[in-house]
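Student: Sequence:
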Amino acid sequence: MTALPDSLCFLNGTYSALRDAQVSVMDRGFVLGDGVYEVLPAYSGRLFRFHEHMARLERSLHELRIPNPHSRDEWLAIARRLIADQQARGASHQSVYLQVTRGVAMRDHAMLPDLVPTVFVMGNAMTLATAEQRERGVACVTADDFRWRKAHIKSISLLGSVFARQIAVDAGVTETVMFRDGFLSEGAMSNVWVVKDGVVIGPPNDHLVLEGIRFGLIQELCHALGLGYALRRVTRGEVLEADELLLSSSSKEVLPVTTLDDIPVGHGPQRGRPGPVYARLYAAYQQAVATQSI
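Here the working numbering is used: the first residue of the sequence shown is 1186, the next is one more, and so on.
Honestly, the hints are just simulated from the structure, not real lab data.
Yeah, the Cβ is synthetic: ideal placement off N, Cα and C, and Gly gets one too.
Hints may be right or wrong, so weigh each one.
To be verified - The list that follows gives simulated cross-link-like pairs (lysine to aspartate or glutamate, EDC-like), each with its CA atoms no further than 20 angstroms apart:
1. 1335 / 1391
2. 1335 / 1396
3. 1437 / 1320
4. 1381 / 1355
5. 1437 / 1237
6. 1335 / 1366
7. 1381 / 1428
8. 1437 / 1396
9. 1437 / 1317
10. 1335 / 1426
11. 1335 / 1248
12. 1381 / 1423
13. 1335 / 1299
14. 1381 / 1426
Said to hold, decoys possible - Pair ranges (Cβ atoms, derived):
15. 1420 / 1298: 42 to 52 angstroms
16. 1230 / 1448: 36 to 46 angstroms
17. 1421 / 1266: 41 to 51 angstroms
Sequences and hints are given; from them, build the entire structure.
Tutor: Here is the structure:
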């Protein structure tokens, strides 16, 4: 068993060492996966896109009919205290994981009313993509999207994503790019973007994908850079014929995919190498981090 650290966490109103925190075995998050989560990135102690993450948390809680146990100001105060703890431990950049479950009750599949939600928050050092990954790009594999059809909820029921992530681990690559009925959905841990003729294209923001916080950010960056931006159904053939493929997530930021199923991505002399649209988006992303963090 890997020993848990003594870093600070927040559980139901109390701060304690992570290794000492405990919840009831009858918590519905434990027995049913009945809860939601968010991961907030922080650069040098400053939270990035905090209000966008809070808006998604609020949407997920609403879908599950779980009352939001804290105001945004309260969530912000909790996050900042845990970030300060991570900074004191030497973490340059941090992520804050927060989880809300329906609460504690005897096992019943129904959405039991009037329970007190269980709130758990912890801080971690955030590991970003390496310089080599940015210079050379990363490899991915494809798979069918076998997960449930409410992917827009950031649920703690992540067994489908665990399987999808393991496909990439077994293949020794960075991510699994998934398709549902022949159309692009998303990665196991990231959103996927196709670049074609200077247009950045992603799947529709519907119930089949999790609305990554970078959806709105990439749209803003594309408009600022004069790049085209579109959300629509993207066929497998379009992915395979893309000029560039990109991943986005809180830790990946924007990351170029240069090999898909062992086949180089792109065309001409740029084939199998990070492309110019990636370079522009990544630079603009870093500028957003510098100006939009709180």
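Student: When you check the alpha-carbon spacing of residue 1335 and residue 1396, does it fall within 20 angstroms?
Tutor: holds (11 angstroms)
Student: Hint check: residue 1381 vs residue 1428, CA-CA at most 20 angstroms. Holds or violated?
Tutor: Given that 20 angstroms is the threshold and the Cα spacing comes to 5 angstroms, the pair holds.
Student: Verify the proposed pairing of residue 1335 with residue 1366, using a straight-line Cα cut of 20 angstroms.
Tutor: Within the cut-off at roughly 16 angstroms; holds.
Student: Is 42 to 52 angstroms respected by the C-beta to C-beta distance linking residue 1420 and residue 1298?
Tutor: At roughly 44 angstroms between Cβ atoms, residue 1298 and residue 1420 fall inside 42 to 52 angstroms, so the hint holds.
Student: That 36 to 46 angstroms hint for residue 1230 and residue 1448 (C-beta), does it hold up?
Tutor: holds (41 angstroms)
Student: Does residue 1426 lie within 20 angstroms of residue 1381 when you go C-alpha to C-alpha?
Tutor: holds (8 angstroms)
Student: Check the hint pairing residue 1381 with residue 1423 against an upper bound of 20 angstroms on the C-alpha distance.
Tutor: holds (9 angstroms)
Student: Does the structure keep residue 1437 and residue 1396 at a Cα separation of 20 angstroms or less?
Tutor: Holds, because 16 angstroms separates the two Cα atoms, which is no more than 20 angstroms.
Student: Are the Cα atoms of residue 1335 and residue 1391 separated by 20 angstroms or less?
Tutor: holds (9 angstroms)
Student: Hint check: residue 1437 vs residue 1237, CA-CA at most 20 angstroms. Holds or violated?
Tutor: Within the cut-off at roughly 17 angstroms; holds.
Student: Residue 1335 and residue 1299: Cα distance at most 20 angstroms?
Tutor: violated (24 angstroms)
Student: Range hint 41 to 51 angstroms: satisfied by the CB atoms of residue 1421 and residue 1266?
Tutor: holds (46 angstroms)
Violated hints for the displayed structure, listed by number in ascending order: 4, 10, 13.
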